[in-house]
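Okay, here's what each chain looks like letter by letter:
Protein chains: 2
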Amino acid sequence: MPPEAARFPDRLWRVRQSLLTDDLEALLFLDMRNIRYLTGFTGSDGVFLLERHQSLLMVDGRYTTQAGMEARGIGVFQYREKLAGIAEVIADKAMRAVGFEAAALSFETYGKLKEKVPATNLRPLGEELVNIRAIKDAGEVALLRTAATMASRALIATRELIRPGMEENEVALELEYRMRQNGSTGASFPIIVAAGANSALPHATPGTRKLAPGDALVIDYGAVVAGYHSDETCTFVLGEASGRFTEVYEIVKTAHDRALAAVKAGVTCAEIDHLTRDCIEQAGLGRFFSHGTGHGVGLDVHEPPRIAPSSQAVLAAGMVVTIEPGVYLPGEWGIRIEDMVLVREHDCEVLTGTPKNLTIL
Amino acid sequence: MPPEAARFPDRLWRVRQSLLTDDLEALLFLDMRNIRYLTGFTGSDGVFLLERHQSLLMVDGRYTTQAGMEARGIGVFQYREKLAGIAEVIADKAMRAVGFEAAALSFETYGKLKEKVPATNLRPLGEELVNIRAIKDAGEVALLRTAATMASRALIATRELIRPGMEENEVALELEYRMRQNGSTGASFPIIVAAGANSALPHATPGTRKLAPGDALVIDYGAVVAGYHSDETCTFVLGEASGRFTEVYEIVKTAHDRALAAVKAGVTCAEIDHLTRDCIEQAGLGRFFSHGTGHGVGLDVHEPPRIAPSSQAVLAAGMVVTIEPGVYLPGEWGIRIEDMVLVREHDCEVLTGTPKNLTIL
Chain B
1 MPPEAARFPD RLWRVRQSLL TDDLEALLFL DMRNIRYLTG FTGSDGVFLL ERHQSLLMVD
61 GRYTTQAGME ARGIGVFQYR EKLAGIAEVI ADKAMRAVGF EAAALSFETY GKLKEKVPAT
121 NLRPLGEELV NIRAIKDAGE VALLRTAATM ASRALIATRE LIRPGMEENE VALELEYRMR
181 QNGSTGASFP IIVAAGANSA LPHATPGTRK LAPGDALVID YGAVVAGYHS DETCTFVLGE
241 ASGRFTEVYE IVKTAHDRAL AAVKAGVTCA EIDHLTRDCI EQAGLGRFFS HGTGHGVGLD
301 VHEPPRIAPS SQAVLAAGMV VTIEPGVYLP GEWGIRIEDM VLVREHDCEV LTGTPKNLTI
361 L
Chain A
1001 MPPEAARFPD RLWRVRQSLL TDDLEALLFL DMRNIRYLTG FTGSDGVFLL ERHQSLLMVD
1061 GRYTTQAGME ARGIGVFQYR EKLAGIAEVI ADKAMRAVGF EAAALSFETY GKLKEKVPAT
1121 NLRPLGEELV NIRAIKDAGE VALLRTAATM ASRALIATRE LIRPGMEENE VALELEYRMR
1181 QNGSTGASFP IIVAAGANSA LPHATPGTRK LAPGDALVID YGAVVAGYHS DETCTFVLGE
1241 ASGRFTEVYE IVKTAHDRAL AAVKAGVTCA EIDHLTRDCI EQAGLGRFFS HGTGHGVGLD
1301 VHEPPRIAPS SQAVLAAGMV VTIEPGVYLP GEWGIRIEDM VLVREHDCEV LTGTPKNLTI
1361 L
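So the sequences go chain by chain: B and A. So the first sequence is residues 1 to 361, counted in our numbering. So the second sequence is residues 1001 to 1361, counted in our numbering.
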């Protein structure tokens, strides 16, 4: 792991190389995750202006001290009103062309900013930075590993409480409570706890349905540590698993394991997706696997690369991705098995910590 | 309270009256809170197209069934990809001019949509709908009252646990846990628990600081019920309050009570702000009251009207607003006292349930 302070200059260097083209004088970052990635600033609001030889973090009065402490070596500018602050800096430096994060600025705010700096060409940037973020450095991997461990520990403790009669809601609450007790700043997304027929809905919201003997129970969840998310799914059974359930579980588990065995630098994401999909299709269940095989994870819970049939991405060492095949039988039950893994040169390391063999609660 | 089903046609009528001008054929809503307000649909993604004589809720396959059940009397259209879906509907109807929520669409997405419907004039709408939302109907007031009661009950239970040595973090977690046990879908915003000198920061984030005897303890928090937020702040003292603290507490309490006594339909928000500010300024503490007096609350935790010196808004019956004066002595402690109230013709009703007399824990 490089020393803390060394990471940010390296990231700024990479962004300047790839995004700060000759025709632009500066880049304006507005997405708080990207600002955190580039500067270390963890506040909830601000703007980051990156020029060729300097950079400026703009914040309101709540964050001036914090910005100075967190964003080492970067100038801090305090504004009263954000757009006026940006306009003042751009006008002061008489900038003619500035790239901006078009996905992080509303059409309304863009219009107001444009009015304030009519002489400056505001040029939309694409998704380049999230692509840069796809490859994690050692410090990021350490945070993702910590988040995954924290989450799995909480799930293993919560599993002890699960019994028929409990509501999906309660399971989700107890799990989040334990993750936060372990030091997570929250759940990495609204936890999915789906029992019985609800487990056949890949995006179910936990409700008041009570767990019953024989229910399948899908739990999709994650912790957050210093802004980095974990993502894992376990499918359990209450009481006893039917023969059909056990059979399909083994198919999904085989699909998952085959993908895991294939993940390494240089393999295409489409190939990985094909491995899980083929396995499930061979079993005649292809039409019940209704989503992609996985996605990158980091400061966002969903970020590049996408692991899906149409994906153009290629795995590279340092990417952290999920592998999450599933089979969903409408009205009956669903099974999803998900791990979060670190791509290495010749293999991958599983970061999530809950065993994936069929577990009866 | 009007029957559930009667609310939405009334809201649609009001929006058509005020926003669907003669030069527009339809309005495109993209903000999920506004879509919930207009249709009853509670999903996490979708688009609502309102025409003069009909309306269409567009969702992806996850939400087709739910949209049909929740949005009674409104057509449902299922898309595979959101922008393509919008474009298909707009092109099918050969619409020439459509208003859209410019604050809810990114510049990037706007560009992609515009490319798909080059012949349609996309006209940005302003903040009109959030202004319509400022006046709550009886059903909304009932939800806000329930959220406030749920939150106060959880705080009163959590207060019993608070003792020196506990971390701010832990207090926040225990409070959120109890709100959710009571039925809240979550905290209405990240709970503020700020002890000792941290209480002097109006927007403090709870951390690992341990509570100590004599600490001031500011807790700003709320529950969420069916999308409606509550908002309340209590300031407690651990062990014993100093004479100076007690004195300032009474000043803030007087400011808060005076505003509460003045809140009714027809009074300007600037007048209410002036009442609290004047009271604190008279005590020579004006420069330590660094924010506005309050704001509207509803589907958003901050929505119109703003209660601040420069506010142009006038209170109307049915508005639900906070009254939250504060005094913050840097490096020492801060005091904020906040209630959420319903504006009525001749007075107001306090919806939040925790007593605001100085309480020693």
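Rather than coming from a laboratory, the hints here were simulated on the basis of the structure. One thing to keep in mind: the hints can contain errors.
Claimed, not checked - Derived CB-CB ranges, DEER-like:
#, chain 1, residue 1, chain 2, residue 2, range
1, B, 213, A, 1093, 32 to 40 Å
2, A, 1157, B, 142, 32 to 40 Å
3, B, 65, A, 1189, 18 to 26 Å
To be verified - To be clear about the criterion: a stretch of chain A counts as covered by chain B if any three or more of its residues have a C-beta under 8 Å from a C-beta of chain B, and this derived list gives those stretches:
#, region
4, 1104-1116
5, 1252-1266
Claimed, not checked - BS3-like mimics (lysine-lysine), calculated; alpha carbons at most 27 Å apart, straight line:
#, chain 1, residue 1, chain 2, residue 2
6, A, 1356, A, 1264
7, B, 356, B, 210
8, A, 1082, A, 1112
9, B, 264, B, 253
10, A, 1264, B, 114
11, A, 1116, A, 1210
12, A, 1210, B, 114
13, B, 112, A, 1264
14, B, 114, B, 82
15, A, 1264, A, 1210
16, A, 1116, B, 112
17, A, 1264, A, 1253
18, B, 93, B, 82
19, B, 210, B, 264
20, B, 114, A, 1356
21, A, 1114, A, 1082
22, A, 1114, B, 112
23, A, 1116, A, 1093
24, A, 1093, A, 1082
25, B, 116, A, 1114
26, A, 1356, A, 1253
27, B, 116, B, 93
28, B, 82, B, 112
29, B, 116, A, 1112
Don't be surprised by glycine CBs; every beta carbon is placed ideally from N, CA and C.
Here is how each hint holds up against the structure:
no. : hint                          : in the structure
1   : B:213 with A:1093: 32 to 40 Å : violated (52 Å)
2   : A:1157 with B:142: 32 to 40 Å : holds (38 Å)
3   : B:65 with A:1189: 18 to 26 Å  : holds (22 Å)
4   : 1104-1116                     : holds (count 8)
5   : 1252-1266                     : violated (count 0)
6   : A:1356 with A:1264            : holds (21 Å)
7   : B:356 with B:210              : holds (24 Å)
8   : A:1082 with A:1112            : holds (11 Å)
9   : B:264 with B:253              : holds (19 Å)
10  : A:1264 with B:114             : violated (40 Å)
11  : A:1116 with A:1210            : violated (56 Å)
12  : A:1210 with B:114             : violated (47 Å)
13  : B:112 with A:1264             : violated (35 Å)
14  : B:114 with B:82               : holds (13 Å)
15  : A:1264 with A:1210            : violated (41 Å)
16  : A:1116 with B:112             : holds (24 Å)
17  : A:1264 with A:1253            : holds (19 Å)
18  : B:93 with B:82                : holds (17 Å)
19  : B:210 with B:264              : violated (41 Å)
20  : B:114 with A:1356             : violated (46 Å)
21  : A:1114 with A:1082            : holds (13 Å)
22  : A:1114 with B:112             : holds (19 Å)
23  : A:1116 with A:1093            : holds (14 Å)
24  : A:1093 with A:1082            : holds (17 Å)
25  : B:116 with A:1114             : holds (24 Å)
26  : A:1356 with A:1253            : holds (8 Å)
27  : B:116 with B:93               : holds (14 Å)
28  : B:82 with B:112               : holds (11 Å)
29  : B:116 with A:1112             : holds (24 Å)
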